[in-house]
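Colleague: Here's the letter readout for the chains.
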Amino acid sequence: GESVGLHLPTLSVQEGDNSIINCAYSNSASDYFIWYKQESGKGPQFIIDIRSNMDKRQGQRVTVLLNKTVKHLSLQIAATQPGDSAVYFCAEKWNNFNKFYFGSGTKLNVKP
Amino acid sequence: DSGVTQTPKHLITATGQRVTLRCSPRSGDLSVYWYQQSLDQGLQFLIQYYNGEERAKGNILERFSAQQFPDLHSELNLSSLELGDSALYFCASSVRTSGGANTGELFFGEGSRLTVL
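As you go down the protein sequences, you meet chains U and C in turn. Each residue of the first sequence is one higher than the one before, counting from 25 in the numbering used here. Each residue of the second sequence is one higher than the one before, counting from 160 in the numbering used here.
Check before you lean on any hint, since a few could be wrong.
Quick list of in silico lysine-lysine cross-link-like pairs, DSBU-like style, CA-CA up to 35 Å [what the hints assert, rightly or not]: (1) 66(U) - 216(C); (2) 135(U) - 168(C); (3) 216(C) - 95(U); (4) 216(C) - 123(U); (5) 168(C) - 131(U); (6) 168(C) - 66(U).
Derived from the structure by calculation, the hints contain no laboratory data.
Could you put together the complete structure from these sequences and hints?
Modeller: Pasting the structure below:
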């Protein structure tokens with residue numbers, strides 16, 4: 025699902041499958057991007073980040089891909105688990121600015 | 160635990176009232192950011208402080224104000240409250256800051272849930 029507009033798109037996956045969450049960012053001058061996970065009633069938690077001089081970065085079970093040509097960011101979660109159920113936000117930091125702009129989020133539902 | 164502490168966790172008040180939300184950043188973090196999150200919405204940037212000074216401003220209403228104190232804790236003041244101000248208010252601090260420019264990710268507190276009746 026892609027985060028656009030004011031609605032909260034939902035992605036439903038089966039436990040054990042891979043998940044791909046997409047994000048279209050707004051500013052071609054953004055130089056730093058982060059994916060956050062927000063569980064119900066909690067604050068956003070850092071998952072993984074990537075700088076604009078990279079196009080791929082891998083963490084534990086997560087991979088972030090950056091396509092600057094089309095201003096697109098994706099988060100891949102391998103072997104999705106029930107504990108991955110949450111809302112996922114991408115955030116971009118505009119170069120030379122202090123502000124992080126967040127996308128509207130994608131809700132991930134993991135079915136057991 | 161992110162190390163960012165926000166109080167109160169929940170607050171219920173009436174329209175027209177004024178409230179103050181408090182944030183203690185991670186030890187050593189000089190920057191504090193405030194965000195507003197309405198129901199099923201994204202995070203809207205309000206304002207950023209660095210070492211006591213305002214550094215960046217977002218979509219913050221004139222009825223809202225903030226400050227950062229010498230001990231680096233921050234307060235967000237919301238006045239003349241309206242029903243639409245009901246939201247989660249998050250504070251975040253940055254891991255690495257050089258001269259006021261953020262060079263790393265934000266660490267968020269658990270938020271203060273404000274309900275205006």
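Colleague: Can you give the numbers of the hints that this structure goes against, from lowest to highest?
Modeller: Failing hints: none at all.
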